[in-house]
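Enquirer: Spelled out from the first residue to the last, the chains are:
4 protein chains.
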Amino acid sequence: MSQKVAVLGASGYAGGELVRILDGHPAMSVVHLGAHSRRGEPLSAVHPHLAGGERTLGANDDLPDGIDLVFLALPHGASWEIGEKLTASGLPVVDLGSDYRLDTAERYQEAYGEPHPLPARLGEWRYGLPELFDLSGARQVASPGCYPTAVLLAITPLIRAGLVDVASPIVADCLSGASGAGRSLKENLLFGSVAEGVQAYAVTRHRHRPEIEMAIGQATGADTTVVFTPHLVPMQRGELATVTARLSSTSSDQEARAVLSEAYSGRPFISVIDSPPQTRWAVSSNRAIVSAFVDHHAGVVIAQAAIDNLVKGAAGQAIQAANIMAGLPEETGLPLAGWMP
Amino acid sequence: MSQKVAVLGASGYAGGELVRILDGHPAMSVVHLGAHSRRGEPLSAVHPHLAGGERTLGANDDLPDGIDLVFLALPHGASWEIGEKLTASGLPVVDLGSDYRLDTAERYQEAYGEPHPLPARLGEWRYGLPELFDLSGARQVASPGCYPTAVLLAITPLIRAGLVDVASPIVADCLSGASGAGRSLKENLLFGSVAEGVQAYAVTRHRHRPEIEMAIGQATGADTTVVFTPHLVPMQRGELATVTARLSSTSSDQEARAVLSEAYSGRPFISVIDSPPQTRWAVSSNRAIVSAFVDHHAGVVIAQAAIDNLVKGAAGQAIQAANIMAGLPEETGLPLAGWMP
Amino acid sequence: MSQKVAVLGASGYAGGELVRILDGHPAMSVVHLGAHSRRGEPLSAVHPHLAGGERTLGANDDLPDGIDLVFLALPHGASWEIGEKLTASGLPVVDLGSDYRLDTAERYQEAYGEPHPLPARLGEWRYGLPELFDLSGARQVASPGCYPTAVLLAITPLIRAGLVDVASPIVADCLSGASGAGRSLKENLLFGSVAEGVQAYAVTRHRHRPEIEMAIGQATGADTTVVFTPHLVPMQRGELATVTARLSSTSSDQEARAVLSEAYSGRPFISVIDSPPQTRWAVSSNRAIVSAFVDHHAGVVIAQAAIDNLVKGAAGQAIQAANIMAGLPEETGLPLAGWMP
Amino acid sequence: MSQKVAVLGASGYAGGELVRILDGHPAMSVVHLGAHSRRGEPLSAVHPHLAGGERTLGANDDLPDGIDLVFLALPHGASWEIGEKLTASGLPVVDLGSDYRLDTAERYQEAYGEPHPLPARLGEWRYGLPELFDLSGARQVASPGCYPTAVLLAITPLIRAGLVDVASPIVADCLSGASGAGRSLKENLLFGSVAEGVQAYAVTRHRHRPEIEMAIGQATGADTTVVFTPHLVPMQRGELATVTARLSSTSSDQEARAVLSEAYSGRPFISVIDSPPQTRWAVSSNRAIVSAFVDHHAGVVIAQAAIDNLVKGAAGQAIQAANIMAGLPEETGLPLAGWMP
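Protein chains in written order, with numbering that gives the first Met the number 0: chain U, 0 to 340; chain W, 0 to 340; chain D, 0 to 340; chain H, 0 to 340.
Read the hints as simulated data drawn from the structure, not as lab findings. Do not take every clue at face value.
Selected chain W positions facing chain U (Cβ under 10 Å, derived; list incomplete) [to be verified]:
hint	residue
1	Gly15
2	Arg19
3	Ser43
4	Leu62
5	Ile66
6	Leu68
7	Leu134
8	Arg182
9	Ser183
10	Leu184
11	Ile269
12	Arg286
13	Ala336
14	Met339
Note that the Cβ used here is the ideal one computed from N, Cα and C, for glycine as well.
Full structure from sequences and hints, please.
Expert: Put into structure tokens, the structure is as follows:
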């Protein structure tokens, strides 16, 4: 007895990935594909790689009856209104966008440079990072950004365990494949602009920084300052967070990794390893591969997490949350093996 | 009641891909991983991307009791001896290698430049391309090479339908990602030798050419001459066959594609499309995407097939054959959706 | 005493490459950079990789006085009018576009699907492939397309030498890096659409096919039929032509390569080698690396040429022609070494 | 009147790049190519991309008479002995290796985990980063590592200007293309191991960290602690340093960039820009593109430098030093324009 789900924003990369994974899910069926500008096109034209291409994209605002859960994979700013309607209707929702992630109007203004249209709702949705936040009983879940996912999985357990000097800035240098920037037509996303080169972007002003600080605070109680510098790397998928934090006292590789292993004990998607995580090992799976290294010379810990930005960083994590909301094992229908070579 | 299967040669790219797919197969369980030089290592060291990394690689020649079927993913020349033993023991076998693919000692000598050690066995195994060859009742299957798979899927139905002038050479220019060359340490497989460049290799003397001519002959009765030029392309996976053949009479895009559509009607893995197939749409799936274009100016047809060389070109097709051997639907446990972006 | 040259269309990839090479040219100085939509921008904004970024792009139609030669690197259809004016003014011109390449109104209609606006001018410009066509005394040069350059360099000497059966179609399967498609914003040129995949495009109807047949005819006197299938490969630069033609009589690798070596004897940019040319060896240089392979089994010759599509296939070859027009050695200021790794 | 130079270790990537640039140098001629295992091979077999491929590689220890300067591009540990002989003979030498870079036996032991064979020589050679160290009168130059070059160019002027709190650890997260790891046959350098993935390596223990701290100390007088984490990125060339340091007092983007601009005023190879540097703009040139960003929220400055690891990070910088040693303008014969697309 499968859950009937809708995917709104099915034409983007994250939407396509939701369909790809849900098509193989044993307890969920996609019964509605919503789109905006590509409404009316067959799925085969929008995502030629997907099976069942004869399905047609419908409208985002034209949900059929009998839906059990809705995934929103809409552009920034396009979720809050439909999210509000769905909440009112009592339908469970997982929003992959950023409209409901932050906790206060001030933080939203800081991150996005404009006021939130519905500030009273901020903080009402649950932050959907299941390994760090309890989602039991959740009805509305705001799925985390890809960068916050990677950074938090790497550093949060070490902060919780008291290893990190939270008074010093935490430096999060992150690397992402091009799909993290979405499918829009911009010169800086051309093959000719991305291949054979690397660069940082949005230095000092990326909107995920306030989200990271908020989520660390909620997960650990610590008030941290994060320096977040994202970089665009010439690969399709994959995201690596390299998080450098001052130690509060002496520690060791073994101790730091033991903290990670204990924090993620029993969690199917987190692998703690003894060497630097390679993003490709995680690509196409919902896995996060994490490790930590203590630099005795500088008195810092370097914690790393590698994920697929479109799976654990977006569609997969949203389905993981939906599984929990539906009372299913969190790993139901989610890929565990990566893609190498 | 799952079939218990063994994967010998589990440390290579094709072996890893067998494990990746079989781990999600609802009716087969991998109960033995065989290796040669990497025997004794944990799977996580050999294939860090796979789940269940705590499994250990055993020996290729140390099969446990109770095995129902064996996959051989061994280097060229390493299959015939173990294949002979397994055949004698009555176990069903699918060999992904080339030892049992060809039909005669002459053809083997032509392809490999040396005599086959067991020429009497040549022709006894079934050629495992299920869309073109009947595998019902098969016990020993020689799974086709990646290039023959792509070339045959593109051109065979057009030859069968009489569209092709088989007296003229058929030109098969094929493009493959680097994983097609395997995991060996060679300078020409370094990132520094592959990225940002393209070149042909084994021009006029690639060993898949005799296999292609043999299989076309067996599938169509036609005695063809094939010019086969493979090219190495800077991508991990994916293979595209561009096959140019003289027409026997006037034809059209529509007619050629209708022949393909009819030939593959009801086959779950073949998509016939109206535009040039892109390999990425097939990558990580067992799909082949095919099309054909009639060039009225030159009187030729250009038939194309795009596959994932490690899935439809190797591990996936082998599992497809094993499904048929086990009486299962051929698509059981095999991925239908590709990987984009 | 340097020639003063202007580059119109300086904002595209070919225009930028003209500036890059001319900036190091000992006998030419770029004194005017023309642009259309990016007029008024500093060069550093348009081509951040170039030196002298403080130069400003002017207008395409606002040439300063004292220019000695003009390079046109304009989009298709934008050259004929300005070319006509420049011709009338007596200025030497090298057009990298296609407006003046073809010889007849019929051929233009066939290639571009519309009538040429100035059909009387067709055939008046010289076809600027210096290794195959004499450019002495030329004042207006139409620089060849990148694909025709590669295909002609590979096969023309073999046709001239009588090795090729010109009554059979010649199959030219060509592979190009993404810069060959230019800098325009199209979804199929996004990193997410190009990386990790390969596909053909414009199958049976690419506009370079009539140009190839025309140029082969002019260079050899032979009336040939060419099947031309271009493929987009995930690399920035580089182009490989794999040209398969029936032999008119038996031949050998040695004979075919000797024909190539003799044809290009004394030409600084053509290297004849005994193995398949790799495009990367040619990238960033004006070199073409060629070879040929005789397939005795099928009675065909496979001739190959590797070039940098933006250098020998565009900007470099145009400068080579300009050198000849200016009475300079053809190799003046042109790079001979490629880029590896 | 050209200087006669020898390149020892000509078969590696850095050696090939020395030959590529020196072949176009107006005042230096390569008269000897030295190699070890590839001695006796033609240059065309070792570096098919270079012009003049008919030249033959000789022995590293068989210098002809009349040499004016020697470049050493040998593996780690192979320079000190030949460097000692050349010094004794009075010949000017530029060593691209690490044998003579460090200043003390202790630092060498810390970096390389073994004693230096000639500790008395440490500190005698000049550290060849011309923008930060005076090389006038130098006879023996140790050319910096690629990572130290990028990190120092980004952060040193800011430390000199007093903007940086040198008591806090400086975090240098660096990204390098695969050519930085050299041409050796290792599984982690296969295309199948590098493409479509990213990972850190040598975390907390890379040998360039002591070199960075030494050089910062020599250039600024400050005793700093550096956290250095290098990452391997799927591109051939290019290196980006992202250096995060605590500010000693409030500052601004404008102030930080003004410090950089002043420090590099008049230096032909350094471009200070207002946006994040992209490595591709520097690739194939000797340029370093630098910028800085002040993060008021965290009280840090993020300084970045993009270089070509084989040019400014190796061969180009060595030639720049040799130019100075020879009394030539430092930019003589060195490329200023990068490679885009």
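Enquirer: Evaluate each hint against the coordinates.
Expert: Structure-based check of each hint:
1. Gly15: holds (7 Å)
2. Arg19: holds (5 Å)
3. Ser43: holds (8 Å)
4. Leu62: Not OK, violated: W:Leu62 not within 10 Å of chain U, min 24 Å.
5. Ile66: violated (22 Å)
6. Leu68: Nearest chain U Cβ about 21 Å off; hint violated.
7. Leu134: violated (23 Å)
8. Arg182: W:Arg182 check passes; min Cβ-Cβ to chain U is 8 Å, inside 10 Å.
9. Ser183: This interface hint is violated because 12 Å lies over the 10 Å limit.
10. Leu184: Violated, because the Cβ-Cβ distance from W:Leu184 to chain U comes to roughly 14 Å (cut-off 10 Å).
11. Ile269: Not OK, violated: W:Ile269 not within 10 Å of chain U, min 12 Å.
12. Arg286: holds (8 Å)
13. Ala336: Status holds, d = 5 Å.
14. Met339: Since the shortest Cβ distance to chain U is 4 Å, the answer is holds.
This entry does not satisfy hints 4, 5, 6, 7, 9, 10, 11, going by the numbered hints stated previously.
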